[in-house]
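**Q** Spelled out, the chains give:
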Amino acid sequence: MSVTGAGSIRIAAESGHLAEVRAFVREASERFGASDAIAADLVQAVDEAVCNVILHGYAGADGEIEVAAELRDRQIEITVLDRSGPFDPTAAAEPDLSVPPLARKPGGMGIHLVRAATDEVHHRVRADGGNELKLVRSLEPRVEEG
Amino acid sequence: MPMTIEVTQLTSARPISVVILTGELDASNYERLIEVVGREWEGGSRGLVMDLAGLTFMASSGLVALYAAARIFRGEGPPDLEAGWQVIHDLEEETGAAANVRLAAIQAPVERVLQRTGLSRLFPIDPSAEVAADNLRGE
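As given, the protein sequences belong to chains X and W, one line each in that order.
If you're matching positions, the first sequence starts at 0 in numbering that gives the first Met the number 0 and goes up one per residue.
If you're matching positions, the second sequence starts at 0 in numbering that gives the first Met the number 0 and goes up one per residue.
Only true hints are included.
Ranges between beta-carbon positions, derived for each pair:
1. W:I124 <-> X:A58: 31 to 39 Å
2. X:P85 <-> W:R13: 50 to 58 Å
3. W:P123 <-> X:P85: 36 to 44 Å
4. W:I4 <-> X:E19: 19 to 27 Å
5. X:V2 <-> W:E110: 32 to 40 Å
6. W:E129 <-> X:G84: 49 to 57 Å
7. W:I124 <-> X:A90: 27 to 35 Å
8. W:P123 <-> X:G84: 40 to 48 Å
9. X:R141 <-> W:I124: 19 to 27 Å
10. X:D61 <-> W:N134: 43 to 51 Å
11. W:R136 <-> X:R123: 54 to 62 Å
Some, not all, of what chain X presents toward chain W, calculated at C-beta under 8 Å:
12. G15
13. L17
14. V42
15. D46
16. E47
17. M108
18. G109
19. L112
Short derived list, chain X residues pointing at chain W, Cβ under 10 Å:
20. E13
21. S14
22. H16
23. A22
24. A39
25. D40
26. I53
27. A116
These aren't lab readings, by the way, just hints derived from the structure by calculation.
Cβ coordinates follow ideal geometry from the N, Cα and C atoms, glycine included.
I would like the entire structure built from these sequences, with the hints used as guidance.
**A** In structure tokens form, the structure reads like this:
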């Protein structure tokens, strides 16, 4: 297995730092050879995941979030680490997209976008507390992207 | 990348505001957009064009801002942001719910977000701000 790292970024858990995370993910994705569409999807997914940690994990409390990027064979793996309480965003119910938007129950859009933009999402509670969320996206284009 | 918001007013029988967004719309700045939209409504605008040609990223919080704009330009006032996606639920489903708000010149990443959340069904989308303004005027 071939593994290439692109380092990591550590931010305070504040929405004003989301742009730094997006820039990090964009740069790492481009360095790994991702297409514009795949890089944009990863930027979207990581922004939503980190925003979830800020809003629902730390919920206004001070804290730090670390985001790391790796290429494993032909898959980009982005890991989001925090030390908020156990919080599994993948447990959220999927919004029912067959229902017109205005009639839909609120919530779940962030994690829905994470799932739509990635191939795999894995959550685990870290042994020393906090959460690890791993987002995986293949470098291969999806059918709809040609 | 920070987001800039520019606003121009078009004088016509129906006052229209064009809001030009440049940069990235996310959880740190979506409330600012809602404030700007609210001011335009209070200033007498009855049609809104969101020129998104320079918008390279939109988070789900940006979608909440779009919903809020639709609600404000239906004369229903700004939503309770603490309720988050509840603002969506508060809007009654009806054809043309966002007819007073048109999106223009959407870039691919933003279009994907609208499609993936089903919101592209709600907002009329035009190729340019000029076409959107003409459509709001009924031309």
